[in-house]
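A.B. asks: What follows is each chain in one-letter form.
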Amino acid sequence: MTDDTPLRTPDGTATPTLLRRIPWRSVAIVVPFLAVFIALSIGSPAFLSFQNIGNVLDRQSGILIIAAASTLVLIAGGIDLSVGATYMFTSVVCGTIIIRVGGAEGVALGIVLGILAGLAVGVVNGVISTYLKINPLIATLAMSFIILGLTKLVSQAGKEGVGQIRVDFEEFTWLAKTKPLGVSLPTWIALIVVIVLGIVLWRSTFGRYVYAAGGNAEAARLAGIRVNLVRIATFALAGTAAGIAGVIDLARVPSVPESDAIATTLTFTVLAGMVVGGTSILGGEGAVWRTVLGILFIAMLYNGFTLLRVDPLFQGIALGVIILLAVGFDAWSRYRKR
Amino acid sequence: MPTDPAEAGAAQLHVELRGVGKSFGGVPVLADIDVVIEPGRVHALVGENGAGKSTLSKIIAGVHPADRGTLLVDGDEVSFGSPREALDRGIATIAQELAVVPALTVAENVFLGREPRTAGFVDRRALKRAYLELAERTGFDLPADAPVGSLRTADQQKVEILRALARGSSFIIMDEPTAALAGEDVRRLHGIVRQLAASGHTVLLISHFLAEVLELADTVTILRDGRLIRTSPASAESETSLIEGMLGRSLGAIFPDKSDAPGADAPEVLTVTDLVAPGVHGVSLSVRAGEIVGLAGLVGAGRSEIAHAVFGATVRAQGDVAVAGVPASDSIPGSLRSGMFLIPESRKDQGLVLGRPIRQNVTLSDLADVAAAGWVMTGRERTTARRMLERVRVGGDDRRNVATLSGGNQQKVLFARALQRQRKVLLADEPTRGVDVGSRRAIYDLIAEQARQGVGVLVISSDVEEVLGLAHRILVIRGGRVVAELAGDDMTEANILTAAFAEPITSETP
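Note that the protein sequences, when read in sequence, are chains A and B.
The opening position of the first sequence corresponds to residue 1 in our numbering, with each subsequent residue numbered one higher.
The opening position of the second sequence corresponds to residue 339 in our numbering, with each subsequent residue numbered one higher.
Worth flagging that the hints you see were computed from the coordinates, not collected in a lab.
A couple of the hints might just be wrong.
To be verified - Output of the computed footprint for chain B on chain A, the stretches with three or more beta carbons under 8 Å from beta carbons of chain B: (1) 196 to 205; (2) 215 to 229.
Stated by the list, open to error - Ranges between beta-carbon positions, derived for each pair: (3) B:537 with A:282: 36 to 44 Å; (4) B:426 with A:132: 51 to 59 Å; (5) B:532 with A:282: 15 to 23 Å; (6) B:441 with A:327: 19 to 27 Å.
Quick caveat, the model's predicted, so the values are computed rather than measured.
Every residue, glycine too, gets a C-beta built ideally from N, C-alpha and C.
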């Protein structure tokens, strides 16, 4: 009886004009990224050099790792405001252990425990913002204060007298100084993390669950997905990523500046990168490659400002304007889609 | 400008369409429509999804201009450039999605943006006076100072209607006004529509509910595939004649032939004993293989709560659930493993991940079947999803966002998800809510087919006819309990309603 029912796909309300066909949301970050890249290549001869690009990537490697993992948190419907604090905490844990234990074992133990400290913070973040039903925004904000406090507590043990934790040992700084194939090891690590997380999100069942948890948590739950576990896993990944980044950057500097402002700035830059890349703050949409472009876009802008000798005070203003444009564009493209 | 009482009592409008046609991107969605909408009447538009009802109403409301033909208002040829212009002419649309400000009062919402002011400040007394005047004139009374958020949905719709009336609208377009409503609110809204007509306003009603159309409308226009089938007095139509007009063929019955009820020797696939959970107060029931059991009752009686508790979606305080004799764990993944599947009540809130592709929505529940070692095998996923979508007859590219599908096709996507594995028990909560007639039949066929294959089906529906048409046996739920069990000749609308509203009628209940 129903076999002769015509298969009618949507109700014919879509107007397929060229303007509407372009998937605006997908290309959003690509166009300005390329535009600024080309403009800087022309405007500043120093920009498009292997050394300059290599430097930028090396310095962004930590933040790229954190932002890639934070993207999963955001897509799954959470948000992690504690990544900056966790980053600083893991740095201090790693540095303190290296100093206290000493030697190559100290370095190995410091690296492992530093990363594990990040994982632990991530799991705690995940559990309180799911099973304890505390809004992740508030939960991770509170956690970041707690972690910064803990950071100071731990660093007492690592400091000899006043000043900062310094770990200027060859066995450790090697991590940041090696340059396989002319590219720094941190850059390689960031590349691997970004690719792995990107593919996990794109092709794994876990990645699917991340999108479903953020897109419609109740539907995901009723479809048999353990939404809370998925979200905890994303927080754990973000914490671990902060741990890796903390260790890498400690090896580069190689001291912990221990400043709350640095932690806060890092968290905000990660958020800005994700938003500028076009990952929805409401969850359910986004991709790792977008965040990578978002973070690099911001880094490129700052780099360009430096090369062109623009007063640094304009950097913040420019970034703020760009974030507003990105969010405004997101709202506009959603509106168009209807 | 504050409200002008004279403006509010606008004259009745005579709206006429002559040879109206409309295409979107070269695809004609309306052709040669001639309709006269008499003032002071309730005029219903019916048709399947995609028949052109909404487009037609949007042409009248000024959202879309007509490509061909003319729109006449009181004999003048008009071409509205925007909804604003139509509104100025007295034509207002009450959308399904309400546009009220919950925190503001009724009076403030009604005069939103047009508040009487003195020296730039809202003149609250004048506002209230204007509201009371309007309420008295139109006969719609709502407490002026109540925050709109505290009102029931039907009353919030009333606020929107009052707002349209305050602007002097006399022609009100209502697109599926009862789709989001339940029970008591539906009755209230029907009252509102009658009241509008009684006070001389014209109502253009778009509705999927044919009983509602026949009850409220004076005139019915049937559309099919963008063409006018006929306009006739509602008194000359019946549900059958409307369905035939909409589908262009006889549906025979809306419901598929019932298979014979499974005998006493058929194994029980679902056994629920003394189940207690939020909203469920001691429910025991069983479903045999191949049996369709209907859960009837009023909205809020606890039917969905029973389904959720059985499925492990809410915490069970007490009681046992067994699938094919094996106790089922009280978690959703556990229930799925034991062979249960729930098609939830609200496909938008509980069923689909809107914003994701159709394909991924199909495979969401059993992603492991198309994955290896945690990685989605996209080729396998594609073939599986396509096979399922073919079975439920949803066409087109399945990489499209699921939100682009019509309500009926969205519901079929959920069935496609259910079909991915052989289930033992299927719980279908309001499977045809907001679904057009054609898709409804397809969904009934799917349910009947599942039963024939030996699946035990529990169908929850507020539509008594649906329960009667599908089920082998009916359980009536009231206050989170089974108050009546009806089978065979006892399955009548009267018996269901009696049990749902009042005293139990069978001997086996307390």
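A.B. asks: Now tell me, hint by hint, if it's right for this structure.
C.D. replies: Going down the list of hints, with the structure as the test:
{"no.": "1", "hint": "196 to 205", "in the structure": "holds (count 3)"}
{"no.": "2", "hint": "215 to 229", "in the structure": "holds (count 11)"}
{"no.": "3", "hint": "B:537 with A:282: 36 to 44 Å", "in the structure": "43 Å, holds"}
{"no.": "4", "hint": "B:426 with A:132: 51 to 59 Å", "in the structure": "54 Å, holds"}
{"no.": "5", "hint": "B:532 with A:282: 15 to 23 Å", "in the structure": "41 Å, violated"}
{"no.": "6", "hint": "B:441 with A:327: 19 to 27 Å", "in the structure": "25 Å, holds"}
Hint 5 from the list above is the single one not met by this structure.
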